[in-house]
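**Student:** For reference, the chains in residue letters:
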Amino acid sequence: MKDVIIIGAGVCGCAIADALGEYGCNVAVVERASDVACGATKANSGIVHGGFDATAGTLKAKFNALGNPMFDELSKQLDFPFRRNGAYVLAFDRAGIDGLEALLERGRANGIKDLERVDGDTVRLRNPHVSKSVTAALYCPSSGIVSPYEMTIALAERANMRGAEFIFNTGVTAISRRGSVMTVDCTGGKSYAARMVINCAGVHADEVAAAAGVHDFTIRGRRGEYYLLDKTQSYLTDATLFQLPTSLGKGVLVAPTVHGNVLVGPTALDTDDKDGVATTAAGLEEAMSKGRLSVPSISARSAITQFVGVRAHCDKDDFIIGMSSLQGFYNVAGIESPGLTSAPAIARYVAAEVAAYLSLKRKTDFITVRKGIPCFAAMSDEERAELIASDSRYGKIVCRCECVTEGEIIDSIMRPLGARDIDGVKRRTRAGMGRCQSGFCSPTVIQLIADTLGVPVQSVTKCGAGSYAVTGRI
Amino acid sequence: MEVVCTVCPRGCNISVISEGEGYAVQGNGCMRGKDYALRELTMPMRNFSLALSVAGGDTDVVAVRTSAPVRRECIAEIALAARALTLSAPIKAGDVIISKVDGDSDLIAASTVNLKEGT
Amino acid sequence: MINCESRSVVVIGGGPAGLSAAIAAFDAGAKDVLVLERDTRLGGILNQCIHNGFGLTLFKSELTGPEYAARLIDMASERGIECRLNTTVVSVAPDKTITCVSEEGVFSITADAIVLTCGCRERPRGAIGIAGARCAGVYTAGTAQKLVNIMGYMAGRECVILGSGDIGLIMARRMTLQGAKVRAVLEIMPRASGLMRNVVQCLNDYDIPLMTSHTVVDVLSQGGRVSGVVAAKVDNDMRPIAGSEFLLPCDTLLLSVGLIPETELAREAGIGLHRVTGGAEVDDTLMSNIDGIFCAGNMLHVHDLADYACLESEVAGKRAAEYAINGGVTRGAFTSVECGDGIRYAVPMKILSSGSGSITFTARPSAEYALGRICIEADGEEIYSKREAGIRPATMLRYVLNSAQSDKLRSASRICIKVRE
Numbered sequence: 001m002k003d004v005i006i007i008g009a010g011v012c013g014c015a016i017a018d019a020l021g022e023y024g025c026n027v028a029v030v031e032r033a034s035d036v037a038c039g040a041t042k043a044n045s046g047i048v049h050g051g052f053d054a055t056a057g058t059l060k061a062k063f064n065a066l067g068n069p070m071f072d073e074l075s076k077q078l079d080f081p082f083r084r085n086g087a088y089v090l091a092f093d094r095a096g097i098d099g100l101e102a103l104l105e106r107g108r109a110n111g112i113k114d115l116e117r118v119d120g121d122t123v124r125l126r127n128p129h130v131s132k133s134v135t136a137a138l139y140c141p142s143s144g145i146v147s148p149y150e151m152t153i154a155l156a157e158r159a160n161m162r163g164a165e166f167i168f169n170t171g172v173t174a175i176s177r178r179g180s181v182m183t184v185d186c187t188g189g190k191s192y193a194a195r196m197v198i199n200c201a202g203v204h205a206d207e208v209a210a211a212a213g214v215h216d217f218t219i220r221g222r223r224g225e226y227y228l229l230d231k232t233q234s235y236l237t238d239a240t241l242f243q244l245p246t247s248l249g250k251g252v253l254v255a256p257t258v259h260g261n262v263l264v265g266p267t268a269l270d271t272d273d274k275d276g277v278a279t280t281a282a283g284l285e286e287a288m289s290k291g292r293l294s295v296p297s298i299s300a301r302s303a304i305t306q307f308v309g310v311r312a313h314c315d316k317d318d319f320i321i322g323m324s325s326l327q328g329f330y331n332v333a334g335i336e337s338p339g340l341t342s343a344p345a346i347a348r349y350v351a352a353e354v355a356a357y358l359s360l361k362r363k364t365d366f367i368t369v370r371k372g373i374p375c376f377a378a379m380s381d382e383e384r385a386e387l388i389a390s391d392s393r394y395g396k397i398v399c400r401c402e403c404v405t406e407g408e409i410i411d412s413i414m415r416p417l418g419a420r421d422i423d424g425v426k427r428r429t430r431a432g433m434g435r436c437q438s439g440f441c442s443p444t445v446i447q448l449i450a451d452t453l454g455v456p457v458q459s460v461t462k463c464g465a466g467s468y469a470v471t472g473r474i
Numbered sequence: 001m002e003v004v005c006t007v008c009p010r011g012c013n014i015s016v017i018s019e020g021e022g023y024a025v026q027g028n029g030c031m032r033g034k035d036y037a038l039r040e041l042t043m044p045m046r047n048f049s050l051a052l053s054v055a056g057g058d059t060d061v062v063a064v065r066t067s068a069p070v071r072r073e074c075i076a077e078i079a080l081a082a083r084a085l086t087l088s089a090p091i092k093a094g095d096v097i098i099s100k101v102d103g104d105s106d107l108i109a110a111s112t113v114n115l116k117e118g119t
Numbered sequence: 001m002i003n004c005e006s007r008s009v010v011v012i013g014g015g016p017a018g019l020s021a022a023i024a025a026f027d028a029g030a031k032d033v034l035v036l037e038r039d040t041r042l043g044g045i046l047n048q049c050i051h052n053g054f055g056l057t058l059f060k061s062e063l064t065g066p067e068y069a070a071r072l073i074d075m076a077s078e079r080g081i082e083c084r085l086n087t088t089v090v091s092v093a094p095d096k097t098i099t100c101v102s103e104e105g106v107f108s109i110t111a112d113a114i115v116l117t118c119g120c121r122e123r124p125r126g127a128i129g130i131a132g133a134r135c136a137g138v139y140t141a142g143t144a145q146k147l148v149n150i151m152g153y154m155a156g157r158e159c160v161i162l163g164s165g166d167i168g169l170i171m172a173r174r175m176t177l178q179g180a181k182v183r184a185v186l187e188i189m190p191r192a193s194g195l196m197r198n199v200v201q202c203l204n205d206y207d208i209p210l211m212t213s214h215t216v217v218d219v220l221s222q223g224g225r226v227s228g229v230v231a232a233k234v235d236n237d238m239r240p241i242a243g244s245e246f247l248l249p250c251d252t253l254l255l256s257v258g259l260i261p262e263t264e265l266a267r268e269a270g271i272g273l274h275r276v277t278g279g280a281e282v283d284d285t286l287m288s289n290i291d292g293i294f295c296a297g298n299m300l301h302v303h304d305l306a307d308y309a310c311l312e313s314e315v316a317g318k319r320a321a322e323y324a325i326n327g328g329v330t331r332g333a334f335t336s337v338e339c340g341d342g343i344r345y346a347v348p349m350k351i352l353s354s355g356s357g358s359i360t361f362t363a364r365p366s367a368e369y370a371l372g373r374i375c376i377e378a379d380g381e382e383i384y385s386k387r388e389a390g391i392r393p394a395t396m397l398r399y400v401l402n403s404a405q406s407d408k409l410r411s412a413s414r415i416c417i418k419v420r421e
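Protein sequences appear in the order of chains A, B and C. One point on numbering: in the working numbering, the residue at position 227 of the first sequence is 227, and numbering is uninterrupted. One point on numbering: in the working numbering, the residue at position 53 of the second sequence is 53, and numbering is uninterrupted. One point on numbering: in the working numbering, the residue at position 156 of the third sequence is 156, and numbering is uninterrupted.
These aren't lab readings, by the way, just hints derived from the structure by calculation. Positions of the beta carbon are idealized from the N, C-alpha and C atoms, including for glycine. Mixed in with the good hints, there may be bad ones.
In silico DSS-like links for lysine-lysine, alpha-carbon gap of 25 Å or less [claimed, not checked]: (1) A:Lys190 with A:Lys250; (2) C:Lys418 with C:Lys386; (3) C:Lys386 with C:Lys408; (4) C:Lys386 with B:Lys34; (5) C:Lys60 with B:Lys92; (6) C:Lys181 with C:Lys233; (7) C:Lys418 with B:Lys34.
Footprint (simulated), chain C over chain A, 3 or more residues, beta carbon under 8 Å [claimed, not checked]: (8) 271 to 284; (9) 306 to 315; (10) 376 to 387; (11) 393 to 401; (12) 462 to 471.
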């Protein structure tokens with residue numbers, strides 16, 4: 001029997017599994033998809049928020065403020081890309097200036113001290129491509145950018161090093177309690193027992209709660225469509241550019257990614273199809289036209305891909321974190337923005353709560369450092385030569401756009417919690433993330449996955465069950 | 001009848017008009033185009049190629065093609081027969097894979113597959 | 001730890017253009033030619049182009065891609081030209097220092113002259129923003145071509161092809177011959193964008209409908225793989241017409257929506273790129289703005305025919321050899337080539353006043369003409385003219401000017417190429 005079963009391997013599930021490792025807690029993470037970070041975690045803006053936006057007194061405000069400062073050390077320990085690039089909230093009219101004032105007040109109430117009011121010209125002096133119609137802005141230097149899926153993979157890997165077991169391709173059908181034992185029934189007739197269950201099921205958290213007989217909240221899917229622009233567009237902005245909500249609705253952001261692309265989005269549309277990540281012409285057009293309000297020279301022609309994330313919007317409009325009405329069933333639900341920023345702080349908090357509930361003591365010796373896959377693209381010639389000398393497979397460049405080697409791709413598959421499909425390799429190595437969008441490297445990646453795992457090419461998928469890359473032999 | 005010539009990339013639009021016993025051909029850029037257009041009227045001929053699986057080679061696929069044009073109506077049948085073959089390395093470019101698929105045209109290898117190293 | 005060597009001419013890319021450039025450089029007297037190729041074999045994209053129809057101009061016979069590649073490889077090997085495989089160039093500096101990576105390590109090579117023949121890549125789904133499911137089963141035509149023709153796996157069983165570029169047309173036939181069903185080829189423009197002969201022998205022969213003025217407006221998925229696409233008719237502005245949508249069930253969507261010159265290395269080296277072609281901007285010696293770096297083949301502009309890419313590369317190879325042997329050239333004044341009526345772009349973009357010998361022009365028409373006359377003018381005087389029937393944007397025009405005509409261009413202060421009806 002496990003101490004804890006966590007349902008969902010998104011950023012919260014993985015961060016909590018990792019944090020529980022510090023208590024020597026015996027954890028299993030059950031995940032419906034074939035990999036970690038497959039839901040909202042992989043498709044969001046990747047922003048480490050400054051913390052001025054959430055209403056004071058909410059859990060969002062609390063965990064955002066706690067989470068943001070944790071990223072410097074966490075990113076070093078876990079070897080994932082993170083950068084404090086600063087953010088501006090742009091106002092476009094007089095009313096907006098009042099709006100910024102309100103935001104500044106809210107920020108101060110949340111304990112965010114480094115906020116700065118700047119006028120339109122100052123914004124443009126620092127960010128020359130910002131629209132002339134911007135009248136003023138609020139600047140937050142502590143805002144950052146992170147690769148959300150790489151962060152989550154890193155958390156999952158360290159959790160795994162700390163003893164957490166990950167069970168993929170497994171959905172939850174029912175959760176029950178008998179005495180002090182929680183039972184989680186899963187798809188495929190599997191069943192797991194634990195002393196406690198933590199619901200980190202993201203957009204499906206209400207359904208998982210319902211499976212435990214807990215019906216006190218609902219989650220709505222909120223679609224957000226994004227454009228990802230080519231790295232050649234990185235000159236457009238180095239700071240994250242938010243828009244102050246106007247009478248025309250909530251704005252979109254224009255932000256650099258840690259890898260040098262530019263992100264434009266997200267739209268916000270409530271949906272009943274929580275797994276619906278298909279893009280729409282209307283949504284993409286909206287993202288692009290709104291993005292152009294901030295940076296008029298953005299062009300859809302410089303896009304390399306588009307995607308949709310579905311946020312878990314809770315009817316209570318705040319995070320739900322705590323033991324549910326069913327003893328032993330603990331909710332971490334409604335984790336929408338600033339969920340990514342909050343995740344490390346939520347994990348620390350939840351781990352302490354769980355430890356108290358299960359009477360576990362924090363260990364003094366636990367693994368802290370997780371080393372990522374060597375990143376050939378980021379290395380100097382000398383470092384590259386050394387790496388190739390250690391293993392010649394690092395001398396075979398497979399993805400030419402992002403300069404990813406065969407060695408890195410094989411690493412990504414061979415590691416604990418390694419990639420099992422094309423998207424898994426892509427998120428771990430960036431093979432296929434570039435401007436040709438895997439046109440050149442996907443056949444090689446498919447072959448490498450098959451060869452490394454010792455499976456036929458026909459069984460290789462893009463992202464788990466059913467998403468076959470090829471339909472058979474010629 | 002209007003014919004788009006496929007002899008070369010120019011793709012001439014050729015008109016073929018019946019004239020007494022024979023035909024008048026217009027719009028062809030060369031003599032091969034005239035022959036092509038007349039042939040197109042009576043019996044269209046084509047070259048084509050295929051990829052076939054090969055066992056035991058340094059690659060798993062060999063490209064094959066017709067050595068001379070075959071009747072267009074035969075292509076599907078030849079392709080089906082070729083895909084049903086079980087081929088093994090080594091195969092050299094030019095090797096006959098199926099002889100006389102139509103008339104004097106053979107299906108020949110267009111690429112070379114060497115034996116896999118260590119076999 | 002980083003090895004260093006120096007060479008007279010280094011050719012980056014061992015496809016048809018690169019091999020042709022290397023052979024021409026060798027024949028022009030550069031005996032120290034090196035070809036760097038990323039792949040495990042020479043020949044580039046020809047290896048996966050197993051269809052016939054190559055080589056009518058260059059080899060006077062109809063070959064498949066692999067056979068065409070084999071001829072060029074033989075010619076290079078007869079000359080003893082060194083070709084280094086499995087070697088990826090990661091940077092080219094303006095001082096002509098090349099850094100490359102292979103299983104042996106990181107290498108630095110300094111060259112007297114460089115020919116960039118990096119080829120092109122396909123425009124992906126994201127670049128044209130096709131909305132819909134983000135599932136498996138959407139491939140560019142060239143990727144599918146590699147899966148089928150090189151790896152031997154079916155990219156799909158029931159395909160819809162978006163875009164009637166030549167690779168899309170070729171793949172329609174290839175997939176059909178391998179036993180797949182191709183439901184339709186959709187083309188957003190009112191006419192096919194590939195060669196007419198490919199429309200005839202790849203689509204018409206197999207009763208595959210070509211639906212012009214149509215596009216894909218949605219991609220549907222089931223169980224993680226494409227289950228169909230929603231197609232729609234488009235209006236004159238190429239916008240989908242509401243109400244014209246219809247479903248095409250399929251498990252695969254292949255894209256043949258354009259090729260883009262591969263200019264990553266060129267850009268890093270500081271080579272100026274052309275607004276229309278997306279490739280390098282070159283003078284009549286095919287030299288870029290960086291002295292001693294020449295560009296040819298599909299990385300210069302996308303060709304319809306391998307033959308023409310090779311012929312162009314021969315010029316670049318020869319000029320690179322001259323540059324290397326003479327220890328550089330002094331480039332004086334130049335005149336830009338203007339594209340007049342009916343011409344979308346022309347290569348070269350500049351004519352040096354100092355040069356000599358014959359100049360070859362290639363040009364891409366911007367419109368269709370049943371009958372037209374291509375004119376090249378120097379200071380308003382027509383110095384070259386050729387009647388052409390069936391001028392189409394899909395078919396590249398190519399003209400070799402004689403020395404006298406070329407010299408007239410060199411002394412002109414205005415040069416224009418245009419189509420007259």
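**Student:** It remains to establish, for every hint, whether it holds in the given structure.
**Tutor:** Structure-based check of all given hints:
1. A:Lys190 with A:Lys250: 43 Å, violated
2. C:Lys418 with C:Lys386: 11 Å, holds
3. C:Lys386 with C:Lys408: 17 Å, holds
4. C:Lys386 with B:Lys34: Satisfied, since the Cα-Cα distance of roughly 23 Å is no more than 25 Å.
5. C:Lys60 with B:Lys92: Given pair Lys60 of chain C, Lys92 of chain B holds - Cα atoms ~22 Å apart, limit 25 Å.
6. C:Lys181 with C:Lys233: 22 Å, holds
7. C:Lys418 with B:Lys34: Outside the cut-off at roughly 31 Å; violated.
8. 271 to 284: holds (count 7)
9. 306 to 315: holds (count 3)
10. 376 to 387: holds (count 5)
11. 393 to 401: With 6 residues close enough to chain C, the hint holds.
12. 462 to 471: n = 10 at 8 Å, threshold three: holds.
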